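Visitor: Sequence:
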Amino acid sequence: MTKRLFSIRILPRWIIILLDLILLYFSALLSYLLRFNFRFEQLDKFQANQSVLIITAIGLVCILITRSYAGIVRYTGLQDAGRILLTTVLTAAIVAVGNYVFLETNGEVLIPSSIFIINFFVSSIFLLSYRLGVKELFNIFFFTDTKKQQVAIWGTNHSAQLTRNVLENDPDSTFKVVGFIEDGLKGIAKSLNGVRIYNGSKDLQKLFDHIGINELVIADGNISIERKNEIVDQCLMSDVKVRSVPPVSQWVKGELSLNQIREVNIEELLGRDTIKLDNQNVKKALLGKKIMITGAAGSIGSELARQVLYYHPKELILIDQAETALFDLESELKLKKGTLKVEYLVTDISNIDRMCAIFETFRPQVVYHAAAYKHVPMMERNPFEAILCNVLGTKICADLSVKHEVERFVMVSTDKAVNPTSVMGCSKRIAEIYVQSLGKYLQAKNPESTMFITTRFGNVLGSNGSVIPTFRKQIRTGGPVTVTHPKITRFFMTIPEACQLVLEAGVMGKGGEIFVFDMGKSVKILDLAKKMIRLSGLQLGKDIEIIFTGLRNGEKLYEEVLSSHEDTLPTYHHKILIAKTRVVELSDIRDNLEKLINSAFDRDELKLVGIMKFIVPEFISNSSKFEALDIKRKNIS
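Following our numbering, the numbering of the sequence shown begins with 29 at its first residue and continues without gaps.
Hints may be right or wrong, so weigh each one.
Said to hold, decoys possible - Computed spacing ranges between beta-carbons, pair by pair:
#, residue 1, residue 2, range
1, Gln308, Ser141, 51 to 59 Å
2, Arg95, Lys214, 36 to 44 Å
3, Arg500, Ser157, 42 to 50 Å
4, Lys501, Leu585, 19 to 27 Å
5, Lys214, Leu131, 48 to 56 Å
6, Glu283, Ser359, 21 to 29 Å
7, Val280, Gln233, 32 to 40 Å
8, Leu585, Glu433, 43 to 51 Å
9, Arg500, Ser229, 30 to 38 Å
10, Glu254, Leu114, 39 to 47 Å
11, Lys558, Lys342, 48 to 56 Å
What the hints assert, rightly or not - Taking lysine-lysine pairs in the DSS-like style, the calculated list, with each CA pair at most 25 Å apart, reads:
#, residue 1, residue 2
12, Lys559, Lys515
13, Lys234, Lys214
14, Lys431, Lys342
15, Lys317, Lys538
16, Lys641, Lys468
17, Lys473, Lys431
18, Lys608, Lys549
19, Lys342, Lys365
20, Lys608, Lys468
21, Lys317, Lys342
22, Lys431, Lys538
23, Lys515, Lys558
24, Lys570, Lys269
25, Lys230, Lys218
26, Lys538, Lys311
27, Lys269, Lys501
28, Lys515, Lys653
29, Lys558, Lys269
30, Lys538, Lys608
31, Lys660, Lys641
32, Lys269, Lys552
Keep in mind that the hints were calculated from the coordinates and are not lab data. Remember, it's a predicted structure, so these values are computed and weren't measured experimentally. For every residue, glycine included, the Cβ atom is placed at its ideal position computed from N, Cα and C.
Put together the whole structure using the sequences plus the hints.
Guide: Structural data, given as structure tokens:
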């Protein structure tokens with residue numbers, strides 16, 4: 029019966045208010061008795077009853093004002109204690125003011141001053157004690173049959189303290205917090221609410237052994253990505269499971285719960301510290317403008333749409349051929365767009381008649397061109413579609429931007445365009461050449477014409493079909509985890525960071541530039557797979573296997589953001605550089621594009637790829653049926 033009582037998850041708030049009201053009444057009554065040393069014959073019973081009722085009524089009003097009843101009793105902590113003290117202070121203050129007014133108007137006090145002063149202390153003790161008592165009884169009765177796991181919390185901030193409350197007090201929790209850990213702790217041993225704080229700057233493996241923990245929860249959201257990686261690596265080496273607390277903005281209804289404390293995602297470790305951007309420049313360029321985004325339902329396009337909303341454009345025109353994904357984006361943005369007008373248009377960007385009608389109807393002022401086919405092996409098998417979308421589609425959008433006097437055209441490219449080994453990478457390089465040549469040509473004729481800017485970067489974390497979601501799915505289903513080659517490496521960047529840099533580069537460009545982003549250090553995919561397996565709590569070779577499948581058609585071992593013939597120029601943002609690339613005359617690239625696009629419509633694969641290799645001489649096929657063309661070219665030369 030007792031255990032059933034304490035297994036009630038949350039008491040109705042009216043019961044808590046009723047209990048508080050009863051305690052307020054008895055605390056006021058006890059205050060009178062203490063004031064007169066329990067000599068009942070000295071009490072003015074009418075005045076005592078009147079005063080007790082007045083203090084209780086004022087206390088009830090203060091409880092409702094401060095919402096001291098709103099906390100969950102078994103989670104009582106410092107924040108709840110603060111609300112209770114605020115309630116009792118406010119009660120005493122109102123009684124004191126009322127006494128003063130009554131004294132001024134009637135020449136005597138309504139309630140003796142000593143009474144409400146004593147009541148402040150008594151009521152504070154009553155209200156706090158019953159909550160702490162319930163909390164302690166709950167822990168005793170609920171956890172008697174449960175074996176608790178030892179856990180430490182990284183951080184000592186408010187989030188860390190709330191994390192402790194959740195870990196120790198949630199009915200579904202089996203954890204006991206045995207310590208907080210923080211970097212740079214100096215001097216004598218310190219504690220937080222009775223739990224010791226340990227110095228995280230020392231040898232973490234020895235510290236984990238000393239504390240004897242099974243798990244570590246990272247609650248400090250301010251530690252750097254580099255430091256978080258170090259902590260996680262030490263946990264994995266010590267067989268300590270590691271979890272993390274999400275940012276406060278992601279807490280459900282502003283409250284942290286046990287099921288929100290999750291395993292560390294690999295994205296948290298591959299991401300980089302928050303970058304600082306000149307948002308004023310971006311805002312000036314986008315505020316009140318008509319913005320078009322192609323490929324708007326994709327990973328990059330959809331995030332661009334979310335970020336552009338922040339800068340209050342006049343209208344947003346979102347284009348994609350994926351109907352379901354565009355519908356999902358519409359459902360999401362409905363909750364965020366406010367009064368902004370957003371158009372969702374389903375079309376193929378290589379459909380020139382439809383694109384002409386769209387530009388004519390909506391007259392965009394800024395175009396972000398993110399539409400592209402991006403999967404290397406798939407495009408190696410479908411080269412015609414790669415050219416029609418990535419080359420013809422880009423050309424159509426660029427030419428229409430000139431015709432309709434678009435202010436800026438920002439193209440999203442890829443590091444696979446550098447020294448391409450695949451049809452997809454080469455198609456993006458050809459699109460880069462056309463956009464750059466067109467931009468240089470127009471700027472030479474008229475500096476006020478459309479500015480064409482290209483942005484180039486590597487893999488983005490969590491994009492559709494990328495390696496991390498694939499690994500996660502394989503681990504969830506028990507494996508095996510498939511890696512193409514033991515030495516393969518890739519650059520990674522988070523989707524929000526990539527889009528922030530696209531917006532920034534789009535503003536700083538003057539026309540004709542190709543901006544490349546600092547991608548940081550490349551990541552060995554085999555190491556990435558191993559870390560994801562260990563973070564999931566599995567052991568490689570025991571619970572799950574990694575197998576090597578060989579490089580896929582057109583795939584590289586190493587990605588580059590610059591070719592061997594390219595150099596860079598700095599910009600005012602340290603993560604954005606300008607690539608010094610060879611510029612092709614617009615008339616030359618137009619002639620070659622006409623031949624290329626015609627061959628795509630003629631459906632002649634070898635002719636098509638042969639023209640691509642002529643336009644981009646550095647295009648050398650890898651693990652592809654088109655390697656024969658390179659052998660033939662080499663023999664001729």
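Visitor: All hints, please: hold or fail.
Guide: These are the hints, each one checked on the structure:
At roughly 57 Å, the beta carbons of Gln308 and Ser141 sit within the given window of 51 to 59 Å. Between Arg95 and Lys214, the C-beta spacing of about 39 Å keeps the proposed range 36 to 44 Å intact. At about 49 Å, the beta-carbon gap between Arg500 and Ser157 stays in the expected band of 42 to 50 Å. Between Lys501 and Leu585, the C-beta spacing of about 24 Å keeps the proposed range 19 to 27 Å intact.
At about 54 Å, the CB distance of Lys214 to Leu131 agrees with the hint of 48 to 56 Å. At roughly 26 Å, the beta carbons of Glu283 and Ser359 sit within the given window of 21 to 29 Å. Taken as a hint, the range 32 to 40 Å holds for the pair Val280 and Gln233, whose Cβ atoms sit roughly 35 Å apart. Separation of Leu585 from Glu433 is about 44 Å and conforms to the stated range, judged on CB atoms against 43 to 51 Å.
For the pair Arg500 and Ser229, the supplied restraint of 30 to 38 Å holds, since their beta-carbon distance comes to about 33 Å. The hinted window of 39 to 47 Å between Glu254 and Leu114 holds, with their beta carbons roughly 41 Å apart. One distance hint, 48 to 56 Å for the beta-carbon pair Lys558 and Lys342, holds here, with the actual separation near 49 Å. With a C-alpha separation of about 16 Å, the suggested pair Lys559 and Lys515 falls inside the 25 Å cut-off, and the hint holds.
Simply put, Lys234 and Lys214 have alpha-carbon atoms about 18 Å apart, close enough for the 25 Å limit, and the pair holds. Distance hint between Lys431 and Lys342 is fulfilled; the C-alpha atoms sit about 21 Å from each other, no more than 25 Å. With a CA separation close to 18 Å, the supplied pair Lys317 and Lys538 stays within the 25 Å bound. Under the criterion of a C-alpha separation no larger than 25 Å, the hint pairing Lys641 with Lys468 is consistent with the structure, at around 23 Å.
About 15 Å separates the Cα atoms of Lys473 and Lys431, which keeps this hinted pair within 25 Å; it holds. The suggested pairing of Lys608 with Lys549 holds, with an alpha-carbon distance near 22 Å, which does not exceed 25 Å. This hinted pair checks out: Lys342 and Lys365 have alpha carbons roughly 11 Å apart, not beyond 25 Å. About 13 Å separates the Cα atoms of Lys608 and Lys468, which keeps this hinted pair within 25 Å; it holds.
Proximity of Lys317 to Lys342 is assessed by CA-CA distance (about 5 Å); at most 25 Å being required, the pair is judged to hold. Between Lys431 and Lys538 the alpha-carbon distance is near 19 Å, which keeps this suggested pair within the 25 Å criterion. In summary, the hint linking Lys515 to Lys558 is supported, as the alpha carbons are separated by about 14 Å, within the 25 Å threshold. Simply put, Lys570 and Lys269 have alpha-carbon atoms about 17 Å apart, close enough for the 25 Å limit, and the pair holds.
This hinted pair checks out: Lys230 and Lys218 have alpha carbons roughly 16 Å apart, not beyond 25 Å. A distance of roughly 17 Å separates the Cα atoms of Lys538 and Lys311; the hinted pair therefore holds under the 25 Å criterion. Taking the CA atoms of Lys269 and Lys501, the gap is near 20 Å; set against the 25 Å cutoff, the hint holds. Restraint check for Lys515 and Lys653: satisfied, since their Cα atoms lie roughly 23 Å apart, inside the 25 Å limit.
At most 25 Å may separate the alpha-carbon atoms for a hinted pair to count; Lys558 and Lys269 meet this at roughly 15 Å. With a C-alpha separation of about 14 Å, the suggested pair Lys538 and Lys608 falls inside the 25 Å cut-off, and the hint holds. The straight-line distance between the Cα atoms of Lys660 and Lys641 is roughly 12 Å, inside the 25 Å bound, and the hint therefore holds. Of the supplied pair hints, the one linking Lys269 and Lys552 holds, its CA atoms being roughly 23 Å apart against a limit of 25 Å.
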